[in-house]
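Asker: The lines below spell out each chain.
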Amino acid sequence: MKEIYLDYAATTPVDSRVKKAMAPFFSEKFGNTMSLHSFGQEAELALEQARKTVADLMGAKPNEIIFTGSATESNNLALKGILFAKLPIHKNQRSLIFMDGLHIIISAIEHPCIMETANWLEKQGVKITRIPVDKDGLVNPLDVEKAVTRETILVSIIHGSNEIGTIQPIEKIGAVIKSVSRKLKTKIYFHTDAVQSFGKIPIDVNKMNIDLLTASSHKMSGPKGAACLFVRKDVKIEPLLHGGGQEEGLRSSTVNLPAIIGFAKACEIAKREMKSEVRRLTKLRNKLINKVLKIPNSHLIGHQNKRLPQIVSFWFSFVEGESLALRLDLKGIAVSTGSACSSIKLEPSYVLTAIGLKPEQAHGSLRISLGRQTEESDLDYLVDNLSKIIKKLREISPFK
Amino acid sequence: MYSEKVIEHFRNPHNYGRIEKPDGIGRVGNVVCGDVMYLYIKVEKEVIKDIKFETLGCAAAIATSSVVTDLAKGRTIKQALEIDNKAVVKSLGGLPLVKIHCSLLAVDALQEAICDYLSKNKKPIPENLKKAHRRVQKSFRE
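These protein sequence lines map, in sequence, to chains Z and Y. The numbering of the first sequence is this note's numbering, which starts it at 601 and goes up by one. The numbering of the second sequence is this note's numbering, which starts it at 472 and goes up by one.
For reference, chain Z alone in the conformation it holds in the complex:
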């Protein structure tokens, strides 16, 4: 049977060039970056080279990159680290009981690792505003401006949506935050979760007025276990992990060098191939949208063109997403769904309900995400099976 992977937004296979770059760092160049001896020095040198490569892909300086173990960790560090650094110091200690005077703004369509971190902080007394999005999943920068108060310390808006693919006007939001900060004579930091966009589309932290940015290796043909948080110079942030003082004391833990080397190699490849890959994937994606929309009662989710080249999402009337995804899987095609039936909580995706889909519409959703190995024939095979399966499921369904 054919095996067609169209779930690159979940994770990607490691590029063979990345694997090759990582190989020596398991048993030959295995040193601990903190060691004094030549093994350690060799590792340290490789780490700093990797830091430079990763920083370069977002227009940052190497010393503004903190390597972490996952995007979830980076996002937790961004929100909690900024917040903890804002807490008043009493007798040389930060006092956690003052959290209720602080305010964080996020969007309604953040990834769970921002959403749940914000929910937790809210329980500790932090004020959280969740900016709604329009039917295409876009945040209005003016809504961000309106939500800012004197207590606001951080705005965190996802760059490219992992579920619907919509790209936010990050540059405009960044500019709005900068200007409102100036007006209020305070500094409101701007964080973006760029996990799905980093390495896929151009990002420039300076042009976009970004203070903190999360990126992850395994979404861009790198290995799992490496991610980073860009923290602009002079932004005060408290670490979550205390210990040996790695990453300038901001993330203690023995450095996972093989994974970071792989991450850097993935960034190097992305830099070289981004332009042609954006062109190729956008073309494939648009063809796919056109073909899928020919299926009766099918609907595109997210913005028509302000979307990532690699993520498409649809919903189909009168069918349920888990059934759809499972039947596709029986044909060797891997995709994902935002249906409640596929989640442990049995609730439809909050991202899909935030853009105004009714639960019964969200149940019929399907996310298709493309990647480096995706070819047009894969998508033809998908569309062919998709239309047959939808037809069959509608035969079984009481609604047609």
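Mixed in with the good hints there might be a few duds.
Only pairs whose alpha carbons sit at most 30 Å apart, straight line, appear in this in silico DSSO-like list of lysine-lysine [as the list claims (entries may be wrong)]: (1) Z:735 - Z:1000; (2) Z:785 - Z:723; (3) Z:783 - Z:807; (4) Y:476 - Z:931; (5) Z:958 - Y:523; (6) Y:476 - Z:992; (7) Z:1000 - Y:609; (8) Y:561 - Z:992; (9) Y:544 - Z:992; (10) Y:544 - Z:1000; (11) Y:523 - Z:1000; (12) Y:476 - Z:1000; (13) Y:492 - Z:992.
In short, the hints are calculated from the structure, not lab data.
Here the structure of chain Z is known, so what remains is to put chain Y in place on it, guided by the hints.
Answerer: Coordinates of chain Y only, in the frame set by chain Z:
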């Protein structure tokens, strides 16, 4: 996550479709939750001669619908009323915990169809069936 039997029934569901002029119809589920089942029965001399279903829902919802029609076909009304969700789960070689509600829904659909048949034919409806009918009607939404 699903047993082989669930996948088999999901792949090739038995008895799906509609019966024209059925003797009883059971409509259960809730589109907001994602599952809606219609179950049609044709009854002759108190025996379920034909049975069909239409289901919008996940693999488990389709598989439980399929299996409940298998279990009820050819049975007397009395026997069919004894089919419970445990029998459905057993016939499917088990269901994931979060999908057990699908087996309850399938049994509800069968009981609703029987309740409809009994009431249309002015036959006495057992007390527990009446109670189940009120519960099912409360949550039904399409």
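Asker: If a hint holds in the structure, say so; if it doesn't, say that too.
Answerer: Hints, one by one, checked against the model:
1. Z:735 - Z:1000: Within the cut-off at roughly 25 Å; holds.
2. Z:785 - Z:723: holds, 29 Å
3. Z:783 - Z:807: holds, 20 Å
4. Y:476 - Z:931: holds, 18 Å
5. Z:958 - Y:523: Satisfied, since the Cα-Cα distance of roughly 29 Å is no more than 30 Å.
6. Y:476 - Z:992: The hint holds at about 19 Å.
7. Z:1000 - Y:609: Holds, at roughly 24 Å.
8. Y:561 - Z:992: Satisfied, since the Cα-Cα distance of roughly 27 Å is no more than 30 Å.
9. Y:544 - Z:992: The given pair, whose Cα atoms are some 23 Å apart, holds under the 30 Å limit.
10. Y:544 - Z:1000: holds, 26 Å
11. Y:523 - Z:1000: Within the cut-off at roughly 17 Å; holds.
12. Y:476 - Z:1000: holds, 27 Å
13. Y:492 - Z:992: holds, 23 Å
When the structure is compared with the earlier hints, no violation turns up for any of them.
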